[in-house]
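Novice: As you go down the protein sequences, you meet chains A and B in turn. So the first sequence is numbered by this note's numbering: it starts at 258 and just counts up by one. So the second sequence is numbered by this note's numbering: it starts at 258 and just counts up by one.
Bear in mind the hints are in silico, worked out from the structure with no lab data behind them. Treat the hints with care, since some could be wrong.
The list makes no distinction among identical chains, and a pair is therefore deemed to hold if it is satisfied within one copy or across any two copies.
Stated by the list, open to error - List of simulated lysine-lysine pairs, DSS-like, C-alpha gap at most 25 Å:
#1 K545 x K384
#2 K481 x K538
#3 K572 x K906
#4 K355 x K302
#5 K676 x K861
#6 K481 x K373
#7 K716 x K861
#8 K594 x K427
#9 K481 x K676
#10 K913 x K291
#11 K861 x K421
#12 K283 x K594
Quick caveat, the model's predicted, so the values are computed rather than measured.
Protein chains: 2
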Amino acid sequence: MRCTALFAIFIFLFFPFFASGVSEDKPLLGFTQKQSGEQFSLENKFDGLLNAGNLRDWMKRLSSRPHHTGSPHGKDNALYMSELFKSWGYETQIEEFKVLFPTPKTRIVEMLEPEKFIADLAEPELKEDATSGQQQEQLPTYNAYSIDGDVTGELVYVNYGVPKDYEELKLRGIDVKGRIVIARYGGAWRGVKPKVAAEHGAIGCIIYSDPRGDGYFYGDVYPKGGFRSDSSVQRGSVMDFTEHDGDPLTPFTGATENATRIKREDSPNITKIPVLPVSYKDALPLLKALGGHVAPETWRGNLPITYHIGPGPSKVRIKLEFNWDLAPIYNVIAKMKGSRHPDQWIIRGNHHDGWVNGATDPVSGMVALLEEARAIGELARGGWKPKRTIVFAAWDGEEQGLLGSTEWVETHRDELQQKAVAYINSDSNSRGFFYAEGSQTLEKFLNQVLRDVEDPQKKVPVSQRMRAYLLVEGDPAARREVREREDLRLPAAGSGSDFTPFLQHAGIASLTMGYGGEDEYGQYHSIYDSFDHYVRFMDPKFEYGIALAKTGGRCVLRLADAEILPFEFTGLADNINSYTKELLELTNQMREETEMKNTMIREKIFDTYFDPTRTFVVPEIQDTVPHLNFAPLQNAAARLEKSAKEYQKEYAELMKNGKTLPVPKTQKLNSILMLSERSLTRKEGLPGRRWFTHQIYAPGVYTGYAAKSLPAIREAIEQRKWQLAEEQIQVISQTLEKFRDQVEEAGTQLD
Amino acid sequence: MRCTALFAIFIFLFFPFFASGVSEDKPLLGFTQKQSGEQFSLENKFDGLLNAGNLRDWMKRLSSRPHHTGSPHGKDNALYMSELFKSWGYETQIEEFKVLFPTPKTRIVEMLEPEKFIADLAEPELKEDATSGQQQEQLPTYNAYSIDGDVTGELVYVNYGVPKDYEELKLRGIDVKGRIVIARYGGAWRGVKPKVAAEHGAIGCIIYSDPRGDGYFYGDVYPKGGFRSDSSVQRGSVMDFTEHDGDPLTPFTGATENATRIKREDSPNITKIPVLPVSYKDALPLLKALGGHVAPETWRGNLPITYHIGPGPSKVRIKLEFNWDLAPIYNVIAKMKGSRHPDQWIIRGNHHDGWVNGATDPVSGMVALLEEARAIGELARGGWKPKRTIVFAAWDGEEQGLLGSTEWVETHRDELQQKAVAYINSDSNSRGFFYAEGSQTLEKFLNQVLRDVEDPQKKVPVSQRMRAYLLVEGDPAARREVREREDLRLPAAGSGSDFTPFLQHAGIASLTMGYGGEDEYGQYHSIYDSFDHYVRFMDPKFEYGIALAKTGGRCVLRLADAEILPFEFTGLADNINSYTKELLELTNQMREETEMKNTMIREKIFDTYFDPTRTFVVPEIQDTVPHLNFAPLQNAAARLEKSAKEYQKEYAELMKNGKTLPVPKTQKLNSILMLSERSLTRKEGLPGRRWFTHQIYAPGVYTGYAAKSLPAIREAIEQRKWQLAEEQIQVISQTLEKFRDQVEEAGTQLD
């Protein structure tokens, strides 16, 4: 009977979580049974040292004034944290860089026709929010790395402003050439919007926060609730990071005082057209005045208007001028030397700069990291020493383009590639469910960590709460996977926080993680991302801050002390098999859709369908999608799976026998494991994107933060570059074979 | 290659539509090749007589003043049309009934807490709309057959107010008992909302038009565009027609002057709680004041607020009092006697009463019918006579509950069941795509009609335009079907217009049809459904009025003159097979969902998932869904399919041989075909719904207008009455066997 069968699966899957303390009856990955016991007691001690009051106090202090890149309070925060780390026993340094950081001199958005309107571009002070009135120190609302400009043109609403939105425009005979586009936030990373607009000939770009994005559609707006109010603006970088992240003037090298800098005009990071974010209060008159086609249903937000596309009659001017100065940034780097393997580094980072007061982003994650560091300092004071070196980092300049972390990684690339075992990142954090993305060689490791951290509200393992989330909210495929897969799947890493230079540039195994989903987060990058907002709507008791400290702390402690580094490859192999299937299906689906659409064009189905009283343009015939030779990739993935299982089996046998490896073998093994992620990179990088060396994960050229797995193949297919796709299947297959060699070599150490 | 294959299918399917005049090289169903030629030339003559100017003039006249049930202008319209029919040579009568027709004396909706607000309940005059100022004659905004009442209570937002919305409320621990609910229009027929609310203990019900339903979300509002403006209200009947349609006081019998009437208190048609419709302008303050849970995402409309559920703090009073008078209604019945088979009737109807000026609803369909009748009168004047009797009907009192048509059918039931061949219905009509629902024994017949009517904008057959619509807008299954199925599928009939008493009460094969989809129809049942609105936003050139006249006219002419009545059974058989599969899948899906949900309840997945800072109630364990014995239904459906194909084959052979049947055989055959739909009924009706005798189609108890196919089984399953479902599988299987006997007997006449 199905019912019984389901129940049986449930017993099997969930039993470990129901018995108390069960996590301890299975050895930890990389530890023997005995070592596991010691590790658990260390972690219990660690947990006992954590104190939510510290998180609250530090958040209040760090977010008390605007602390953006280059600000006095930002520098002050760096110095303050540096003193804290020192006081906890860390060898601490502030590493300074000089980066290009534009700030606005002139910001004008005005409508000239059909009526006059001048946008406010201001976020008012609220009596319910103590720091909202610090106008003198607040960065104005703007998009960093917009080019200067003064443009006037008819307005066109382009939905999210991603490539497929322009297909809808084309279908309606609408061209943005010589015009200004207005896009709503969402659908892709904001930097994609001006990039795609410029590619289509637009001369300017406005981005606004529709209430459908993070406003009243979701809940009451600030200060009654936590969601975005009518005047609140999402600042943010629009740096084009297709080619590289970090300081625009120093690609591939650290932006030290005397670094060689390219000219600003030569940087691929600056937008081609001026772009500015506005509130929906400022956007409403512009949108309301648009005529022309009614926007397609999926384009419509929740403003009380009919969404028209234009072009015009709204005619708009944007004038923007920036100070293109270099600004100093301050990374805080705190080290605790490893007692046995000082040259194996476990790095744990969070950024400390905000757009304004940044209580959630980034201070909520930063204070959890500080508390981890404090507790580990305490453990060390009590006599315990980490076997490997622990490095805590508080990055500056993240908001503009991962400046602090990138410049640091570029400066120390060679050393990091020799010494870094893993990088553990966090950023914003709040009440709710755990989420993570990153290197799938750490998937099993992370699953063990999540089994051992308790959800503060439900007193069950956080992994169990994630499963409950997926079972209630997931689609049927996700539900099935939760029932059938041993580990929770770790999604591929995109971008949007400081793991990118580590993982995707330097090939260092990385995780980024946090909690959230039971908050009211509608103040992203506004002045209202404040302490007052945080303690009412995000994580009032800082209990999920403590949960993050427990999670990040366990990652650090286990990686630092494991006898054998806790890398494992069956998860990665399974994911790569999935991606391979996805790409095959994507190609098949594109082929079918192309054929169907071409047939419909030839049959004049569109001509017959279209409303003749409105302009519609029949799409053009597309090239046929060829069958690509996926065999090399499929074979490489299958072989990797086999080797990964072999390694898993050999490791299990070693553990079962309760044996330990001889020291030289352990050293050899750990050295292979530590460097394993590096063999997933190629120094040539991705096609046209040399800085991005990782072959399995990258941020998408047209999605931004969202991950593309097997990116060189996937993006070639999406962009219908069939020859390139064929080539990249070969390239990635070779990379996977190279990686598999490492897995096999690791396996031989276990014999 | 797939591409070629697809193209081949296309050639096969679409070729007939591309060659000109091809429709004529295949004989019409029921006609020999020679007869078909004569019929085509008759239809060409008919087409040539149609004049859009008449439609425009009649619409202007009929909609010039409010013409609701019981109104002076309504009576005047009936007399006017009666004179027209007479002038065209029809034997014309006005048949009068007396029906219960409540009109408002008192209408109050007010908010008492947290602040005072009194709803306007008024639709203002617009200078752009010439008839909008006729306040003296307009029916106020109200729901007919709401009970009187004066209730005060906390407000709860219930989304559409359908049963599954109450599951969401229960999940959040919200009870409507003793409270007033506010529901938005949509999701089900309006009468379902107060019915379900009362079943859950609510004491009052407000229904409002959210802009997400037919307002600014879709396009500019009236008078700039055609969509519903802030003050516009959808009137409408809330008669509970679970048990029967028509006059509440005379179930099963005609509401003649001296009919026996039940007491109003004994009628199952009147609502249990008071209910009133309001505009979104009136709803906004009430909704804005609600607190409590934020409504689930799918519940949120497009008002510029956060949708909360409540209960309260909004406290609301509804006071309603009605005049419960009897009103006279006037059906216009115009007959043209058949020359050969006067006792075989082809009935063609449309209602003439509106809620106010009703230009679209119902005049747009009414004027097309008038023009059909005029042109047929002209043909008759020219010497042609229909073989069968044609009956044109203009029904009164449709808006309150199909009063005119129902009372007429109930009065003449025995005669109709002997004489009626088919009933062809229309109602609102506008620019766009053809749509229909009804008896699938007429599916092939209708497909032939659609092949021969030209789309006025695209100059292709309207069936081809429908196919284009389905290929562009349809889901993959619909697209596949369009490619693979010979005929466009005719959907099952629900309710909402005058075909219901014919089809579902009397078992007369029926079609209801019209054009639409390229209009801006946001004025349903408001004072702005006017001539001025129609000629700007619905069908400015009345060209789709003419298309409807061509379509309805062809249906009438072919049914009237066919040698063999054009019924065909493969379409019905195919649909019944589909429904059988659907029911099996529905049961399997319910079983899986029940098991999954029960397992999740036992595993405490919901407890683990729920946000502990909000109230959530874990759902209760549900009974297991048994495996039902569908075999009798599957066997009956399979046998019917076989017999239907047999009939089709025999008919095709007869036609191929160019033979005609001997007269007695033709007569016998036609008599079987004419009565065939009757054998899909049972005089016992559906369980608990004796008036609804049709076993294949019914309006849903909890959907209203929307059709339920194989309703007795489907609703038993949906309501988890497993025993009843098993019984009804037997009952319907027997009905299908009885029907199949008729098909077989028809087939033997062709030998």
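Novice: The structure should be examined with respect to each hint, and the outcome stated for every one.
Specialist: Hints versus structure:
1. K545 x K384: Result: close only across copies, 23 Å inter versus 31 Å intra.
2. K481 x K538: both (18 Å within a copy, 23 Å between copies)
3. K572 x K906: neither (67 Å within a copy, 67 Å between copies)
4. K355 x K302: Close neither inside one copy (41 Å) nor across copies (87 Å); limit 25 Å.
5. K676 x K861: neither (63 Å within a copy, 45 Å between copies)
6. K481 x K373: Close across copies (21 Å), not inside one copy (32 Å); limit 25 Å.
7. K716 x K861: between (62 Å within a copy, 13 Å between copies)
8. K594 x K427: neither (60 Å within a copy, 57 Å between copies)
9. K481 x K676: Neither: 49 Å inside a chain and 68 Å across chains, both beyond 25 Å.
10. K913 x K291: For K913 and K291, only the intra-copy Cα distance (12 Å) is at most 25 Å; the inter-copy one is 90 Å.
11. K861 x K421: within (22 Å within a copy, 42 Å between copies)
12. K283 x K594: neither (29 Å within a copy, 91 Å between copies)
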